[in-house]
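S.K.: If you want the building blocks of each chain, they are given just below.
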Amino acid sequence: MEIVMSFVIGFLFMAAVYLMLSKSLLRIIIGTGLLSHGAHLLLLTMGGLDGGAPPVVSPGVTDYADPLPQALILTAIVISFGVTAFFLVLAYRSYQELDTDNMNLMRGTEDHD
Amino acid sequence: MTNLLLFPILLPFFFAMILMLFPKKILAQRILALFALGSTLIASVTLLIKVKTDGIQAITLGSWPAPFGISMVSDMLSILLVLSSTVIAIFVVWYSFSSIGKERESFFYYPGILFMLTGVNGAFTTGDIFNMFVFFEVLLMSSYLLIVLGGEKVQLRESIKYILVNIISSALFVVTVAYLYSVVGTLNMADISVKITQIDQPGIITVIAVLFLLVFGLKGAIFPLFFWLPSSYAAPPIPVLALFGALLTKVGVYAIMRTYTLFFTLDQSFTHELLMILSILTIVAGCIGALAYFDVKKIIIYNIIIAVGVILFGASQMNEAALMGSVFYLIHDILIKGALFMLIGVIIAITGTSDLRKMGGLIKSYPMLGWTYLIAAFGLAGIPPLSGFVGKLLIIQGGFEAENLWGSIFILASSLVVLLSVMRIFIYAFWGEPIEITPLSKRHYRGLFTPALILVGISVLYGVGSEWLVPYMSDAANVMLNPSQYIQAVLGGA
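Chains A and B supply the protein sequences, listed in that same order. According to this note's numbering, numbering within the first sequence proceeds without interruption in unit steps and concludes at 156. According to this note's numbering, numbering within the second sequence proceeds without interruption in unit steps and concludes at 1704.
Any given hint might turn out to be false.
What the hints assert, rightly or not - Lysine-lysine pairs mimicking BS3-like chemistry, simulated, CA-CA at most 25 angstroms apart:
#	chain 1	residue 1	chain 2	residue 2
1	B	Lys1574	B	Lys1507
2	B	Lys1568	B	Lys1652
3	B	Lys1260	B	Lys1363
4	B	Lys1507	A	Lys66
5	B	Lys1568	B	Lys1312
6	B	Lys1234	A	Lys66
Think of the hints as simulated: they come from the structure by calculation, not from any bench.
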């Protein structure tokens, strides 16, 4: 199971890197979404996928899934959610102000903005 | 008071939340922000005295036993850094009163600074690797706000790049923590150190060490990963730049020093060799940049990169002299970079440009500013009675003791380049033909110049009184050299 997940996560990272190297700002933001998705799945996989019960204490169950990675993922999800929301609004603002979403045109030199 | 070590984190956090309630009342914002920072300063000094007399302070939140809860640890290195960050934040806020402008002040500028200080102090104090990630995000989120606040075109453009780089490095941090967790099965830093010693550092731990270097190197701007820093830092207004330049990269440097002295100590011939080579290349890259520009902001920004290289070279030597030198130099660099950015802020305010070629002759109208800048410049380069000297001397001594002759020679040569780059500002801006300037009002000038002057004064005292500071620095170096003290303080008898 971990092998399959590793391949999927690797594919997510590949797609994220490809998108983040493109010119359009929106593609880059989609890339960061895929990147954090991959990172969260990796946390889950690295905690082990050995098929225990959900980590809620219930009578008669001895084998639980590791609760720690789930807590870490929950934290990481809300953080990346906050950052992505900020980034999206920033992209919107800069589209209004700079009139472009092409990263190649957002260069600016010492002489002009 | 076992909770004393949490106060430098909680006080700015608490006051930042209060400040969010009345953003338009600027006078109240200013007074309360200064009050918050003053009380943080008092808490840090108390904590410093306590750490000096009683040894390392550690607490595991919620009374859970040590590896299971989140530990907060304050050893000499972290409390010294917390103290100097708080000092810098006070001066930046004071400087902001007369430079940042009403529009920014009424849009959550001071809460932003206080939240950033929360994140910085938390990252210095935490004893849990995932908690460190969270505090990194706290300080990064506040820095996103501060870098884009005002919404000028250049700020929008550069903050997109800054945020993108930091999102990538944060994702890498999560990935690295995931790998480390799957190998050692714990997140508590002291416990990780014990587990890594038990499994005798197999190859995968060395890979994780390099990944950590990649993550923290992106935050701290080491050689191949510094590309984002110069243009991003040139975008925000001067007080924000002073805050970033003095604090943000130093958090990455601290994290590298902490992980490389606590976790990855068994395969030093690879990891620390790599760190040393990268730090020397960082110095070279910074030197090239510092000489290449005619823009005062860019010159000082590239000096940040040089300083990061010098500190990490000391950290990679792993002997007492070099580590002590690194701590000396780290604190010196926080103080002097804050002071230098404020001083060039005054120069930019007077001349209305940051281009050296359009300045000249300021020494006639502003002699005090000129001589203060000269002292700060000598301090940065490490002229003996001033603050940069002792740190660099110890780092070079440590380099010779570890028989890294060439590395030490690079450090010495870089001092000359640093001196040349900051003296160029002095010569171009203060000597030569006076240019037409519209003089600042006395009150505005005093508001800008006084905090910078006092900060330079503090850095001079830091240099002159270094004899008196040696016991503190050697305590900090000792904990880094003997991680068992740190582990003992967190885990008890383990």
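S.K.: Mind listing which of the numbered hints don't hold for this structure, in increasing order?
M.R.: Violated hints: 3, 4, 5 and 6; rest satisfied.
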